[in-house]
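Novice: Each chain, written out:
There are 2 protein chains.
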Amino acid sequence: MKKIILIALLFSCCIAVNGQQNTLNLMPVPKQLTAMSGKNRITNKFTVSVQGNVADTVLFKAVNRVYQNLNRKTGLAFGQQYITPTDKNDSASLIVNVKTKAEAGIDVNESYSLKATEKQIVLNAVTTIGALRGLQTIIQLCDKDESGYYFPCVVIEDSPRFKWRGLMLDVARHFISYEEMKRNIDAMAAVKMNVLHWHLTDDEGFRVESKLFPLLHQKGSNGDYYTQAQLKEIVRYAAERGIVVVPEFDMPGHAQSWFAGYPELASQPGPYHPGPRMQWQKEHPEIKTPPVTSIADIVANMVAPTFDPTNEKVYDFLDKFIGEMAGIFPSGYMHIGADENNGQAWKLNPKIMGWMKQHQMQSTDDLQRYFVERVYGLMKKHHRTMIGWEEIYNDKLPKDAIVHKWIPSDNSMIKSYGMANDIAQHNPVLISEGFYLDLFLPAYIHYNNASIAAANNPNILGGEAAQWTELADNNNIDGRIWPRAAAIAERLWSPANVTDVDDMYRRLYVLSNELDEQGLNHLTNYERALRLLTNGEPTEHLQVLTDVLSQVKGYRKLVAMMMRAPQASYQTTPLTSVSDVILADPATKRKFRALVKLYLEKKDKNAEEAIRAYLQTWKQNDTYLQPLFAGNKRLMEVQDHSKNLSAAAAIGLEALDRMDKGITDAAWVQKQSDVLTVFEKAHYETEIVVIPEIEELVIGHTIAKPEKYSAF
Amino acid sequence: MKKIILIALLFSCCIAVNGQQNTLNLMPVPKQLTAMSGKNRITNKFTVSVQGNVADTVLFKAVNRVYQNLNRKTGLAFGQQYITPTDKNDSASLIVNVKTKAEAGIDVNESYSLKATEKQIVLNAVTTIGALRGLQTIIQLCDKDESGYYFPCVVIEDSPRFKWRGLMLDVARHFISYEEMKRNIDAMAAVKMNVLHWHLTDDEGFRVESKLFPLLHQKGSNGDYYTQAQLKEIVRYAAERGIVVVPEFDMPGHAQSWFAGYPELASQPGPYHPGPRMQWQKEHPEIKTPPVTSIADIVANMVAPTFDPTNEKVYDFLDKFIGEMAGIFPSGYMHIGADENNGQAWKLNPKIMGWMKQHQMQSTDDLQRYFVERVYGLMKKHHRTMIGWEEIYNDKLPKDAIVHKWIPSDNSMIKSYGMANDIAQHNPVLISEGFYLDLFLPAYIHYNNASIAAANNPNILGGEAAQWTELADNNNIDGRIWPRAAAIAERLWSPANVTDVDDMYRRLYVLSNELDEQGLNHLTNYERALRLLTNGEPTEHLQVLTDVLSQVKGYRKLVAMMMRAPQASYQTTPLTSVSDVILADPATKRKFRALVKLYLEKKDKNAEEAIRAYLQTWKQNDTYLQPLFAGNKRLMEVQDHSKNLSAAAAIGLEALDRMDKGITDAAWVQKQSDVLTVFEKAHYETEIVVIPEIEELVIGHTIAKPEKYSAF
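Residue numbers (my numbering), protein chains in the order written: chain A, 0 to 711; chain B, 0 to 711.
Keep in mind that a hint or two might mislead.
Because identical chains cannot be distinguished in the list, a pair is counted as satisfied if it fits within a single copy or across any two copies.
[As the list claims (entries may be wrong)] Okay, derived cross-link-like pairs now, EDC-like style, lysine to aspartate or glutamate, Cα gap no bigger than 20 Å in a straight line:
(1) Lys231 - Glu178
(2) Lys632 - Glu145
(3) Lys143 - Glu636
(4) Lys632 - Asp142
Rather than coming from a laboratory, the hints here were simulated on the basis of the structure.
Hey, can you work out the whole structure from these sequences and the hints?
Specialist: Here you go:
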């Protein structure tokens, strides 16, 4: 291991030096950056002075957080205690200059400029929020060399490409704790995201306390929900970090949890209780529906618990509920979901069908449209801009309703409602198409999101990374979202021409460590989970293997889980298998890939040595790992991978030897390639991610293998 | 590394088998335990049924937590969802049978009995709280062998030796967050502790929101305090785990933070602001006091901010404040501190001296006694039992006031107020003497606490582990307290004759992993801190070194820190040096020590191999670590240790070779011993902990070196 690490380190430094110089370690990359020579050395005399509009608690809190962050990072024991308006000092190490106090908001000016010379750093911003963004840049500028910590001298002018850069987090399938929410908000702030889209209700759980309708949280959850005090605290916490909270209350479908306490609002009789969508139908075998033989059938024919749009009491209820929530979420936006309603619950209710006939409605699509229109009216009444998933879109949709695109245009299962640019001719658009983190795709896939690349309509407000939580809970959520979400944050903030994937990955893993330092648990929970898997025995060798595994892509893991434990709810299925705890886009893969590329394209000798060190470690690892498998069911799921990784590494080493000796042997290449293809096979929803690179070593050159991922 | 780990593992299993069989992995050891043959296998059909008094929310919450804990630990995807009173089933895998609903309290019956056969586990308890204790035993019973998870068949009868088993946590010097508090309460529950003694105010910070006197938290803190909602939530959270919260509001001394908002209550004029005790005096050079040349001088002569006991407004204020706090903390106990008041602030106030004369008081001790009496009256009024540190003790102290012993009887700096047994003849006594976790002592020192061993007066209620936080913050607090506090918890729960230190350590490190699984951050924060120290570079070799370092003992680290950064407050001094982040009683030391003992006393060949593997790793380590030192100030603090550890390991290896060859050479032994003595030297408040064992290898036999630790 030792050699690998040192060489890999050395090597990653080389990449940084030879690579796209002007990005430094910044993520997202600023709009304009001019690197200058010289370094601003950080000492224990480091001081901050806030100038301009100083009656701004949010600004001072942020400045103090950054000050203590740097204090802790450098360990220098800075002399200033709590920075206040009285600390005004023109010769401070860092001057923060803000013109106008402003609150977090979609339309707030987020620009800032920053100049770091050897003597002083000056951060200028028009608003508080711009200053908050610039302060994050300052944290990321802090670097270290052989003389200690410093800021590189630099001039930055920065502002975002899109004004809506969100993270959608589902807390219904698995409840995500108040503490976890705060950790994720901190990470969002680090990469300049500005919208937390909080998916608070779904079939599986109603996660907000309602004082008007207490049965919503009492019967609609397993006891895990946020109190109103907690909701307000999260809103405040986010606002202090320049982040707006947009709540989603999904309707008319995905609404089973509402009906646990208020079955009279549903299209079919109760009782209801929170749980998977299919639950209600399974409990009602008397309902005759078309047979289900595929996932497409489920999508089309499932009778999912759905609001009754023909019941006036529904709108009275929603009116009051929306009013209550508007008092908690001041952002001015509210998301109504409105996705994935196949109309089956309506078709099976004669009263609803009669009502439709009476109102000359041809299809349940018309009824869905009617429902959305009515809810739009309630939103207007409560001064909220309505957002809905793209299913709300139609040519009569009011022009200020925001359409949230999520269905990939090339999807065969569910019909997309149009391309983002086309929808944007009629309505403002948010893009989550291509940004689904729960599909376990590598970061670069999201980074290259074609939908964003093609976005040329100013009515496209931006987008959101989306994390659904059927397979994520408090213990693995950080690693599900981060660091990959940072690549999406960069895509939404940085200029469209920032597209260097290798440089993105270099910065992504620097940021990943930075987030770890700041308290995000993506790395620590991974390590903790490995300890659980080995029952407290050393995890060193297990981690050698798991560092090169990732989950199968798309919904394959979700489907497999539902097959394996159909009786378990999402909420109580332990997410402790290898496929639950590993990271989706392992750093080792990217490092190894870069080395193989460098070696094959430039015959770099250092790269070869580093590759050999990796391969040696992998080759030996199975022997060390074997003793841990005995009686350990969860670990046995990767027993084949362990064997295969060792065998693949041996092939890789032989390939290097043959190249060194100049041997070419097409038969050998073919035979090894066939073997390696077998090793690519998934076992228990995990797969080895470094087989393609070993295959490249075998054939002796890099191959641009199209990495095509589909949801199923 | 590989060989070490496997051998050490193998070996620790052997210890378990040959050692004190009947403790299993339980910590604390139960009163009576009969191990039986057979194992109760855990499958995904594992179910729980609660019987007896079932109208008990706290019990059901606890049962569900334990159920999900086992579900997660085993990864079996249990079928039961949320266990409720309707799940009554006589053939459930686990029957929990509780007679009486009861709330957490000092005098509640905590006994339980437990019988695990191959078919079923039955837990019987008189009260809810007894059941909670028994449920923790069930978690600890869950073990794993080559066929999977199981409970060993066993019969247990259990109840605690002492009824007061506390953790005292100072949140004034460094604020400890709400989230951290919960984590620590979880860990306390795991080892059956029942009192959280919360040191909420001190010179450095006032950490509770007061609605009657808002300047207390507003001016008395740096903004870090618990809101009343949070305080109540912590009280509830603890109560649900069978833990009582006893708040401490320190007075008349240690009270600077009170006076920031209300200077009129103090004995000297303001202004005041929260900070180190010495601060006020430093800001008032006009105050002429005897010169300070030693810590003893400081103790005797410092003018510390102190309440004015002659001011009636003080009692009016405290009356209202105590009443407000009584509404938040329902335990019936309140701690008034009353420690370390040297009377200087009073002596320097002519008005106070005049009042004393007028009231025929001879000394400031009389005035302290008067103050305590008055506060005792307020406590009575608000139906609270008063607790104070031992300085409240005198022969006229009301019989129901609890005296909290903390001053070691052999201390030369501060006079003890008597032995626990003697004080207990007059008043109930709590013992923290010998339980100060902030002195960085190894767990066995606390485990062997003579003061508890000698306790033979039934008026000794129990004791408390104590963690002061000058050197601990949110990032390292878990590792400061745990796992060592578990040894204290066992001392207070288990029978007095449970004294096997080796077996205690075996179980302590099993528990340590268990606490990690459950979410305590003592291990993860250690690893995270190492990543900060290496700036995200691999920490493997650093950890080889830091795993065998511990802090210098007593207050030496505190004094050094105050010398080095006199301008910094505790709250903002970054605690990121090696001495801040390492664990106080590293597991490696105990494992190595056990191996050396086994080898030297029994010439065990496996032990020798494991020792050699450790020594080889240490010997090579310095070479690997060297590249990390360059420019890294914090790491350079252990550069000498790194060199010395490698050199010491080489000596150890040579000693083994010589023993194998039967060479005896007194001159060589003497020379190496001298060298090793030099390696024992501390650098930057850390020391290598395995030098004594290497010295034993050199001289060829174990030596019972008295490990004597003093505070200074």
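Novice: Hints first: check each against the structure and report whether it holds.
Specialist: How the hints compare with the structure:
| no. | hint | result |
| --- | --- | --- |
| 1 | Lys231 - Glu178 | both (14 Å within a copy, 17 Å between copies) |
| 2 | Lys632 - Glu145 | between (47 Å within a copy, 10 Å between copies) |
| 3 | Lys143 - Glu636 | between (41 Å within a copy, 17 Å between copies) |
| 4 | Lys632 - Asp142 | between (44 Å within a copy, 14 Å between copies) |
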